[in-house]
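Peer 1: This is what each chain is made of:
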Amino acid sequence: MKLYADEAVVIKSVSMREADRVLTLYSRTRGKFRVVAHGVDKPASRKRGSVQPFTFGKFLLRRGRDLDSVDQCEGVEYFTGLRQSLEGLSYASYLAELVDAFSPEGETTAGIFELIMESFRLLGGENDRLLARSFEMKLLCLVGYRPHLDSCTMCGAANTPGKIIFVPALGGVACRDCAGGEKSFALSGGTLEILKVISGWPLAKLSRIKTGHVREEEIKKALRGFIQYHLEGRLKSIKFLDWLDGD
Amino acid sequence: MHSNGPVARLVDEFARLPGIGPKTAQRLAFYILSQPPETARRLAAALTEARDNTRRCSVCLNLTDREPCAVCADPRRNPEMLCVVEQPRDVLAMEKSRGFRGLYHVLHGSISPMNGIGPDELTVRELLQRIAGGGVKEVILATNPNVEGDATALYLSKLIQPLGVRVTRLAHGLPVGASLEYADEITLSKALEGRRELY
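Residue numbers (this note's numbering), protein chains in the order written: chain A, 871 to 1117; chain B, 1018 to 1216.
Hint data in this document are derived by calculation from the structure and do not stem from the laboratory. Please note: incorrect hints may appear among the correct ones.
Stated by the list, open to error - Result set (SDA-like, lysine to any residue): computed pairs, CA atoms no more than 25 Å apart in a straight line:
1. A:K912 x B:D1107
2. A:K882 x B:F1117
3. B:K1040 x A:D876
4. B:K1040 x A:R935
5. A:K912 x B:C1089
6. A:K1053 x A:R1016
7. A:K912 x B:F1117
8. A:K1075 x A:A1049
9. A:K882 x B:G1126
10. A:K912 x B:E1210
11. A:K1091 x B:N1132
12. A:K872 x A:R1016
13. A:K912 x A:A971
14. A:K1109 x A:K1075
15. A:K1106 x B:E1210
16. A:K928 x A:Q942
On a predicted model such as this, the values are computed, not experimentally measured, just so you know.
Input sequences plus hints: build the corresponding full structure.
Peer 2: Okay, here's the thing in structure tokens:
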């Protein structure tokens, strides 16, 4: 069959030639995959609205030699909440880039599609920062990089009260003796508890957690260090988020 | 035959232009060569002149060959209305509509969280200085209706509103002559959001 249907969310859109775009889609059944949408930058294109980034839609796709192409599409959910604020759009860009970076093409990881959909529905509210942290933790767990937080990753010693050392290169927290010279981040006991909670709690309930600026910053730095260590690079949207946060 | 000669160089230069593939580049190059030498000289002179004499207008930052540009120097224009566009070509589009008689400000880009492009890479500082200079009563944000354009408009409106200036954005909706049946869902919902009363 040359044509097949799928439902997917657009996580990236890159301009190609005059009016074409290469879309990165994420679907429940196929995971991440790329397709070409021909002519969508033309003013008369009927597909234009449905192929905007952060849109969930039904796609009729045509198999191609290299990339498949969009034959027809219909937008189902536009996540209008995230489009109403600069923070919402910026965090959506970051989460989409994170999924793109952690997902190999054509590989399905259970839970990621639902995580994207739920996050996009909630973005644009009061809690975007904590939602992003929770998304990071949940995504890391889904792709197999869950940080070890219960005891020292090396010797298994229980966490000592007071400052805890989080070492991305060791995959989680470590005791002072095992941390060695690796780059590390200091976490308070309360911050560690929040990290554990946000990896398990439903995104919709995050507003119940009171974090405070200091703890939020600790979590942000530790998770960013962890993600950068595993991706071996910095994501493009981080620069903009830092600017938004006034860093 | 011409792999290293001047003809190949000409083809290569044409092929660098946007929307021109190798075949079109070849066709353009051979067309130029088939014409009298005067044609090529005129084209070369026009290119050099345009490149050498075009700079940014010190007021609106649009591309111009004179200082200030023709729009900024026109006394019939309304200086109280400022239309903010992403690119110089957007000024051309707005001017073609003949519906706007105010002044422009060209950002030379748009904020793109996805690509890490922030406001420092645009001409936002110049825009704020212009508004702070006084005389502007309304800023019309004419950025594109996509993620980058939305982000730019949201950012600018946050910055400009505290200055006591009215901030508006171009309406989103159905193009003239379109049929509802063929409109996509997001455009239709935007058109519904932006509906207005008939008098």
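Peer 1: Compare the structure with the hints numbered earlier in the document and write down the numbers of the violated ones, lowest to highest.
Peer 2: 2, 3, 5, 8, 12, 13, 14 and 15
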